[in-house]
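Start from chain W and add chain V according to the hints.
Okay, here's what each chain looks like letter by letter:
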Amino acid sequence: MTDTRSQPCSHCGEPVSVMVAPAFCCNGCRVAYELIHGWGLDNYYDLRDQSVDGSIASKPQEDSRYEVFNSDAFLGISAPITGADGLMTAELAIDGLHCAACVWLIENAASRTIGWTMARVKMVDHTVRILFDPKQIQLSQIARLLGRLGYQLTPLTGRLEDHTERENRRMLVRIAIAGFCATNAMWIAIALYAGDASGVSTIHRDFLRIFGTGLGIVAVLFPGRTFFTGAIASLRTRTPHMDLPVALGLSVGTVVGTVNTIIGRGDVYFDSLAVLVFLLLIGRWIQFRQQHRAAKSVDLLLRITPRHAHLKSGSDQYDLVSVDSLQPGDIVRVVAGESIPADGSLCSGQSFIDRSLLTGESEPISVVVGDEVCAGTVNLQQSIQVCVDAVGEQSRIGQVMKSVEEAMGEKTRIVQLADRVGGVFVVIVTLLAMVTFVAWFDHGLSVAASNATSLLIVACPCALALATPLAISVSLGRAAKNRILIRDGGAFQQLAKPGKIWFDKTGTLTKGQMTAEFLIGSTDAIRHAAAIENEVCHPIADAIIRLAAEPIAAKSTESTKVEFGGVSGRSEGHRVAIGNLAFMQRNNASIDGSFVDAVNASVVSGGSPVLVAIDAVVVTAIRISDPLKPEATSTIARLQALGWQVGILSGDHSDIVGGVATIIGIDPAHAIGDLSPEQKLQIVRDGSSDTVVMVGDGANDAAALAAADVGIAVRGGAEVSLQAAPVFVSSGSLTSIIDLILGSRRTMWLIGTAFAVSLGYNIVAVGLAMTGQITPLVAALLMPISSVSVLSLTLAWPTFRESPS
Amino acid sequence: MSVLFIALPIALLLGASGLAACIYCIRAGQYDDLETPAIRILVEDVGDRKKTKRL
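For the record, the sequence lines run as chains W and V. Sequential numbering of the first sequence, starting at 1, is according to our numbering. Sequential numbering of the second sequence, starting at 1001, is according to our numbering.
Everything labelled a hint here was simulated from the structure, so no lab data went into it. Some hints could be false.
Take a look, some chain W residues computed to stay more than 12 Å from chain V by CB distance [said to hold, decoys possible]:
(1) Ala23
(2) Ile175
(3) His204
(4) Val255
(5) Ser315
(6) Cys347
(7) His574
(8) Arg575
(9) Asp597
(10) Gly659
(11) Ser792
(12) Leu793
Which bits of chain V does chain W cover? Going by a derived footprint, with three or more residues having C-beta under 8 Å, they are [said to hold, decoys possible]:
(13) 1002-1008
(14) 1011-1019
(15) 1023-1034
Backbone N, C-alpha and C fix where the C-beta goes; we use that ideal spot for every residue, glycine too.
Chain W with its partners taken away, still in its complex shape (with noise of 0.2 Å):
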């Protein structure tokens, strides 16, 4: 393969041996060279070479990396299982998943590598499942193999999964059996509606009956328990509960079918019955889908946190181990770029920490031996160590992403609001039921019975159980198309009303990253500080570098200090300081009045003012500012034209903040600067009665964005934004905040026409059942039309427009 003679192949890059061109290392790659030049995508290639010559350089690293995966304790629960016939099975996380294409590549992958029996690719869990020939093929080849398409292998975290797909499951054989159930019941149903008709002979009709009877009661005692289930729950806890109603209505319809079909006369329900068991457990599938989506998009990004470790195991010897398999007390090695796979605390070397997984905060923070470190954040320079103290869920990673489990398993608010009006419903319709037996009661038994039935029938409340959560299910689904991303439903409540609306400034209505201008002194000293800040990592430090727009040699890094507010250190052996005002005075640099003037300026023309010092002379400065994110200002007079008062909270000098908000338009009356973010705190807290909608960085405002009635996190983890702010938009775009209030309105106008639709429905159903207008045969066939109207209704209501793309 290393022959002098040979050619990377088109596709992959692998060195071949054959001098044509284009030259392919094996089928699969012509495959797929041949696909995207036939598509016409060689841009691919010209995109693609520009990373893989940093990949070729680091191949003997990343082989011996693969070689884990032989190992049954780095794989864990995903430890490849041997099947009768001698092939093992594995199924592994993988990611960088894309599209068709990428399941296509590789289940094809498969197909044409001699061991790999079979690929199966799972898009919605990003998984994989493989099976393969020990004899003839390793794991670790399989997964260098496709680390080489691109894919990275990881072994399964496993928990979530589990839980879930078993639920899945079971909700899935439930709906499979009142399906079957209802249709056939519905069936039975309709020849016995024919029979009456057309004077049916009894033995006929009772035989009918019977199995009619026989499907409804199978509905109602094994998929219909998990009603009974729940009821008993609510009266155990004597809270109100939709299942309340609902299983009040199954279990009379039942007694009162049963007895009917036994002594022979009346009507049987049981095709209404099986209908209303097999609909409400297709709701509740759908909502539970909905909630599932939501949890597996955070187990994505906790898959980000490694899965394995560099344990020290010797004085100079570090095995890979699972992260399962790390305890407290155990030191482990980090190497710059690698994630940190637990909490713990430095214990050598010094380094920058990137903890915007965690903090969502994208400066990186400096640390030193004793130092706090958290699992999932990022090493940037320097290989150090870490003795380990809490690893998986004890972590702090681990904790915020229980808290957010937990939020989303939370009923939101409006669901809850259902659930009480369903509540109060059962009892009046239970006494309405009393009420009508009573007063029928002249009439004799068997009217009086009729009427009251046919009341708890056609009441039956499974319109109103169903209409809240569907559409809020259905809503939360077409958000996350969107790329917003909704952990409590009751968003759409607060939302839909116009209140007040604060914007955090940096990085929510500006783009977050800084640029450098020259403002006036010497161009030379900007060489200088570039060096200096070439060693620091730090948003202003690549602003400066940008502006020097030149090649730095790298510098040791001995020298290189970061402080409150300013850095220093050497550069062709001047001493350079970099840093606001207050920096250089605290240093006793000398300023000329003329960069106090420049500095002045800088801050009323919304700008944060830099200076450059060389040899305690402070000789340039410069204007670090934010520019404004294109689509603010057309945000802004949007929101102000829909009745939302618009604001400023920011942490930034208070004339930058009135500057940006004269330039995008904000009164600069609620434009306030100069906020700690307890301050921020508190003015979202104001306890006016409008709706508060605090809209900000994930990390940084998380305690505003928790307080408000609203939070909108626009950057930031998503973990971390979830666990504060109910809404985390992911697109960052600030558009996608008006999609979110317009489609709110329309949720909460779909839950009141749909409440209205069925409590309308319920209201004259229920005059009519109590004047004995309507006879139960009447009630079943009024109930189903009610839920199959809501459910129409809230299929076809436009919530939220379709994404562009």
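Then chain V, alone, in the frame of chain W:
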């Protein structure tokens, strides 16, 4: 109409066998992923795929 006494149980038995098959499919995991198979159908088989064992 006496055919009803035979036809109805047979119809239900046929339906029940369908239900049993459906439950078997659910338990075997065929309904776990409702998205990828929809994509997979669009992908043309290359023809020389090896015989694969069904999981």
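Evaluation of the provided hints:
no., hint, verdict
1, Ala23, "holds, 21 Å"
2, Ile175, "violated, 9 Å"
3, His204, "violated, 6 Å"
4, Val255, "holds, 24 Å"
5, Ser315, "holds, 47 Å"
6, Cys347, "holds, 44 Å"
7, His574, "holds, 61 Å"
8, Arg575, "holds, 61 Å"
9, Asp597, "holds, 62 Å"
10, Gly659, "holds, 48 Å"
11, Ser792, "holds, 21 Å"
12, Leu793, "holds, 24 Å"
13, 1002-1008, "holds (count 3)"
14, 1011-1019, "holds (count 6)"
15, 1023-1034, "holds (count 8)"
Hints 2, 3 from the list above are not met by this structure, while the remaining hints are.
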